[in-house]
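Given these sequences and hints, build the entire structure.
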Amino acid sequence: MFVDTVVEDKALHKPAFLAGLSITVLAIFFAFNFTNTIFGEFLSPVIGNPEESGFFGRLAVSFVLTILFVGNLLLISFARLKIQILIVWLELFLLFLAFAYSFDLEIAYIFSGQPSKIGIMISKGLFTTIYISAVSIVIATVIAIVGAIAKLSNNGFAYAIASFYTSLFRGLPLLLQIYLIYMGLPQLGFMIDAIPSGIAALSLCYGAYMTEIFRAGIQSIPRGQWEASRALGFPFRLILRKIILPQSIPLIIPPTGNQFIAMLKDSSLVSVLGIWEIMFLAKKLGAKDFNHLEMLLTAAMIYWILTIILETIQARIERKYQQKT
Amino acid sequence: MANNNSKVNPIISLKNVSKWYDDFQALKNIDLEIKLKEKIVICGPSGSGKSTLIRCLNRLEAHQEGQIHVNGIELHEKMKDIDTVRQDIGMVFQSFNLFPHLTVLENCMAGPNWVRGISEDEAKERAMSLLEQVKIPEQADKYPEQLSGGQQQRVAIARSLCMQPKVMLFDEPTSALDPEMVSEVLDTMVELAKSGMTMICVTHEMGFARQVADRIIFMDEGEIVEQNSPEEFFNNPKSDRTKGFLDQVLS
Ligand SMILES: Nc1ncnc2c1ncn2[C@@H]1O[C@H](COP(=O)(O)OP(=O)(O)O)[C@@H](O)[C@H]1O
Ligand SMILES: [Mg+2]
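Line order of the protein sequences matches chains A and B. Positions 1 to 325 (my numbering) are the ones given, in order, by the first sequence. Positions 1001 to 1251 (my numbering) are the ones given, in order, by the second sequence.
Treat each hint with caution, since some may be false.
As the list claims (entries may be wrong) - Below, a list of computed lysine-lysine pairs in the DSBU-like style, where the Cα atoms sit at most 30 Å apart: (1) A/242 - B/1035; (2) B/1080 - A/151; (3) A/320 - B/1142; (4) B/1078 - B/1035; (5) A/242 - B/1238; (6) A/320 - B/1124.
The hints are simulated quantities; they were obtained by calculation from the structure and are not laboratory data.
Quick look at the structure:
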């Protein structure tokens, strides 16, 4: 957002807000009752045996937690913006780890085996996931360009086919499309392997969404650009290639990046076809010894890291295009 | 028509041209002939069909009745060579419509290089000489949004001239400009007129009309109400609608 040159005081530095916040937080901690957790044990010198500390113990624990929480916020509020963001990220990440830790997991399980389970996930699963997503993204982009032009054309056939396509593939759950392609095409006499049908389903589904993104991007270029190009005697294809598309691309990139990220994660759905991608391996490797959560969390972390990498790349590309215009 | 000289082939001719937007008739039975090197100024109240008329001349708009010939070629829905016709007609818009993703120089090189089949070096040379003609060669490497309105409009004129057109159309080229920038654009247009270009200008700049026009056309409600030489038009308007209009713009 575009920041104003006049700034209000930070809410946290207003006594009334601070008091209100503290009371609310206190109430929440009190309601959830942390007396029987690690926090109660810490305070046992003051409140005695946490189990028997009763109302006073519960209040004391909530009170200490509130002071820690609000004090933490207050301290962070004095830091510079970048430091603030970093600290909050770290704290949230630690909370997430604590949450995962509370599942009582056998972390060593992930690294056990020869080759190790995480090694298999990365060498086989990660590779397959990236391969399927990358190929699907390229095909979806091509579909989207053709689809968007068809949807904007005056040709009845082109428009009808394109709009039927987007309607159908945006209207069915992706999982269903995967099954339909894998089991439906053989009925028509086309034998199709699991990976090609996974790629086909992902490309067609995301091609439909991206068709709409590309169409909107092309349509948002002002009429005057078409008129000026036509007045110079440019033929249609040249106008599209040299004038309209180059101006649409900066508008198309952010939503398209989101689609790429979404597709990467939706590629996990093709695990139902038995493709050895991240999700399938996580289920398979965890099932052997009933250590499901360990492997699912591993998969979660791999997807998350991949997404962060894609987001960084997206931000770079966006910055590059913003500089140019 | 008083000015019609049957010995000179008109570069543009309109016979009984009518145009509708849905049910609304924007042009009513327009007859007009424009000779090579003629300078025409079209004026009239807002909504009288001036833009519609000149946009029909390069078929940015379609007419439904009558015939329009440009350079001997009739404009119609099924024509194959519209791009060739358009390459010979430059057009300058009220809102400039420069290509924002291209530099000033690239804006000017695009036409010659992409559709006239002229080499990049030659296109660049031509673009630079026209940017000098409109007096902004030093802005060649900037992007349009870094320029003032007046500068952008002069680039737009240079961009059209790079195609070496036979006719130039102007649709209120100074209406979107701040007052202090109007004259730099008008000066460019006056020089262009002196160089012998055929020009059709929609404008309310009556000083420019008086100085440059061979013929002034007054339109109202989709019709040509009156056309005449500047002296006659200003000193001796025939119709009451013209008188009323002149009272408004000259006061
Ligand atoms: N695209 C359009 N659709 C419908 N009506 C239009 C369109 N363009 C112009 N008109 C109408 O046609 C008339 C003439 O418009 P225009 O040629 O732009 O007038 P002028 O340029 O003289 O101000 C106006 O009444 C206008 O509302
Ligand atoms: Mg107009």
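Checked hints:
Note on residue 242 of chain A and residue 1035 of chain B: the hinted pairing is violated, with a Cα-Cα distance of about 35 Å set against a maximum of 30 Å. A distance of roughly 24 Å separates the Cα atoms of residue 1080 of chain B and residue 151 of chain A; the hinted pair therefore holds under the 30 Å criterion. A threshold of 30 Å between alpha carbons decides the hint, and for residue 320 of chain A with residue 1142 of chain B the separation of about 18 Å falls inside it, so the pair holds. Distance restraint check for residue 1078 of chain B and residue 1035 of chain B: the Cα-Cα separation of roughly 26 Å lies within the 30 Å cut-off, and the hinted pair is therefore satisfied.
Proximity of residue 242 of chain A to residue 1238 of chain B is assessed by CA-CA distance (about 50 Å); at most 30 Å being required, the pair is judged violated. Distance hint between residue 320 of chain A and residue 1124 of chain B is fulfilled; the C-alpha atoms sit about 27 Å from each other, no more than 30 Å.
Checked against the numbered hints above, the structure breaks hints 1, 5 and satisfies the rest.
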